[in-house]
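Protein chains: 2
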Amino acid sequence: MQENTKMAKGDQTRQKIVEAAAAMFNQRGYEGASLAYLMEKTGLKKGGIYRHFTSKEELAAEAFDYNWTVARRARMEHIDPESAGVERLKQLIANFIEYRSPVPGGCPILNYAIDSDDGNPLLRERVSKALRGWTRRIESLVREAIERGEVSAGTDPKTVATLIIATLEGALMISRLDRSDDALRRAEQHLYQYIDHDLAPRSAKKPALRKEKRSR
Amino acid sequence: MQENTKMAKGDQTRQKIVEAAAAMFNQRGYEGASLAYLMEKTGLKKGGIYRHFTSKEELAAEAFDYNWTVARRARMEHIDPESAGVERLKQLIANFIEYRSPVPGGCPILNYAIDSDDGNPLLRERVSKALRGWTRRIESLVREAIERGEVSAGTDPKTVATLIIATLEGALMISRLDRSDDALRRAEQHLYQYIDHDLAPRSAKKPALRKEKRSR
Numbered sequence: 001m002q003e004n005t006k007m008a009k010g011d012q013t014r015q016k017i018v019e020a021a022a023a024m025f026n027q028r029g030y031e032g033a034s035l036a037y038l039m040e041k042t043g044l045k046k047g048g049i050y051r052h053f054t055s056k057e058e059l060a061a062e063a064f065d066y067n068w069t070v071a072r073r074a075r076m077e078h079i080d081p082e083s084a085g086v087e088r089l090k091q092l093i094a095n096f097i098e099y100r101s102p103v104p105g106g107c108p109i110l111n112y113a114i115d116s117d118d119g120n121p122l123l124r125e126r127v128s129k130a131l132r133g134w135t136r137r138i139e140s141l142v143r144e145a146i147e148r149g150e151v152s153a154g155t156d157p158k159t160v161a162t163l164i165i166a167t168l169e170g171a172l173m174i175s176r177l178d179r180s181d182d183a184l185r186r187a188e189q190h191l192y193q194y195i196d197h198d199l200a201p202r203s204a205k206k207p208a209l210r211k212e213k214r215s216r
Numbered sequence: 001m002q003e004n005t006k007m008a009k010g011d012q013t014r015q016k017i018v019e020a021a022a023a024m025f026n027q028r029g030y031e032g033a034s035l036a037y038l039m040e041k042t043g044l045k046k047g048g049i050y051r052h053f054t055s056k057e058e059l060a061a062e063a064f065d066y067n068w069t070v071a072r073r074a075r076m077e078h079i080d081p082e083s084a085g086v087e088r089l090k091q092l093i094a095n096f097i098e099y100r101s102p103v104p105g106g107c108p109i110l111n112y113a114i115d116s117d118d119g120n121p122l123l124r125e126r127v128s129k130a131l132r133g134w135t136r137r138i139e140s141l142v143r144e145a146i147e148r149g150e151v152s153a154g155t156d157p158k159t160v161a162t163l164i165i166a167t168l169e170g171a172l173m174i175s176r177l178d179r180s181d182d183a184l185r186r187a188e189q190h191l192y193q194y195i196d197h198d199l200a201p202r203s204a205k206k207p208a209l210r211k212e213k214r215s216r
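Chains as they are written, first to last, in my numbering: chain A, 1 to 216; chain B, 1 to 216.
Quick caveat, the hints were computed from the structure, so don't treat them as lab data.
If you're wondering where the values come from, they're calculated on a predicted model, not measured in any experiment.
Any given hint could turn out to be false.
Chain copies aren't distinguished; within one or between two, either way the pair holds.
[Claimed, not checked] In silico DSS-like links for lysine-lysine, alpha-carbon gap of 30 angstroms or less: (1) K41 <-> K56; (2) K56 <-> K46; (3) K9 <-> K45; (4) K9 <-> K41.
The whole structure should be built from the sequences, with the hints applied where relevant.
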């Protein structure tokens, strides 16, 4: 019984470290993250942190996984469970803009992509995995939309997924610099148009533009 | 005469510091950049660096300007001086992918946009200015293309510029994570299609698709 309580406390401390590290790495980057900062944020001593994490690399990887879980949840919630195909794809795009992760610092993939560029293979692998997962999610929605006849059969799901992610992440970068959602809004409208117009089967093109337009 | 030589030497040292700092900030980020690292790279002592730059903020801003000048030059060179409008727009897109800055670390705007997010107004202003300059450059090419009848009159230049930059920067981020140019190639093809198809005046749409296709 006592052993269980101890373990639970250890888990709680570990979780506290991961959460503090998640905000730290997302805001300050890998190089800018420091043990001193983490000690201040958690109120723990060096030994109390090293008991749970043996290296900065390991902690950064755990922190990224936490950040990604939270960001993905924010994007995936508020999706109508009845929706499918193109409608669901559009909800994913809208959610990227409407529902941000509560962890300060912005999209973890964008932040870590810059950061994990050089010399941190563990972190790099986690970020790549998150990006692959997100890409596959969109690819499967595109395939669903093709099966439903909403998207033309010749469409390459990988290209659509890549373009949606690139456009949103790039627009997020601009929006952060501009301190305005303007770029994200333009990206959103462009992607809806791209889906409704460029991807729609030839015969459905005109009706799709009107029918699928979302009132948001 | 001696005074002039001294000044020239001072300028040379200053330039050496800026160049070393440019690579450092672009690769390690603002928080990750350190005086110790810079001393090692330049072979200068602390006082020798502080003689030229009074603060990390000031040095980071100078380093960004240097990085942006070099990156912009790489993108603007190799543009056919005879080209105009849509053709020039496409060359700018191709150059973003073909000709990278010799400074290691990737696109300075992408790197600094993440970095200058919090608490460095001087650096932030430089990065914003660079982004505004790049946006205006593309906007003016879109206006030129409208005047030449290559792009439909109702096109909003700001939207086109925002989308081109967002798509390229987002694809660059993906390409860095993937260690492959695949995302950039898909983005490039998408942007050509967007320009040739979505932006072309209604009457010119079909011929434009064939005529404007570049053999690269």
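Cross-check of the supplied hints:
In the homo-oligomer, the alpha carbons of K41 and K56 lie at most 30 angstroms apart both inside one protomer (16 angstroms) and across protomers (25 angstroms), since each shortest distance falls under that limit. Taking identical chains as interchangeable, the C-alpha atoms of K56 and K46 lie at most 30 angstroms apart whether they share a chain (12 angstroms) or sit on different chains (28 angstroms). Taking the shortest alpha-carbon separations for K9 and K45, only the intra-copy value of 16 angstroms comes in at or below 30 angstroms, while the best inter-copy value is 48 angstroms. Proximity of K9 to K41 under the C-alpha cut-off of 30 angstroms is restricted to the intra-copy arrangement: shortest distance 18 angstroms within a copy versus 46 angstroms between copies.
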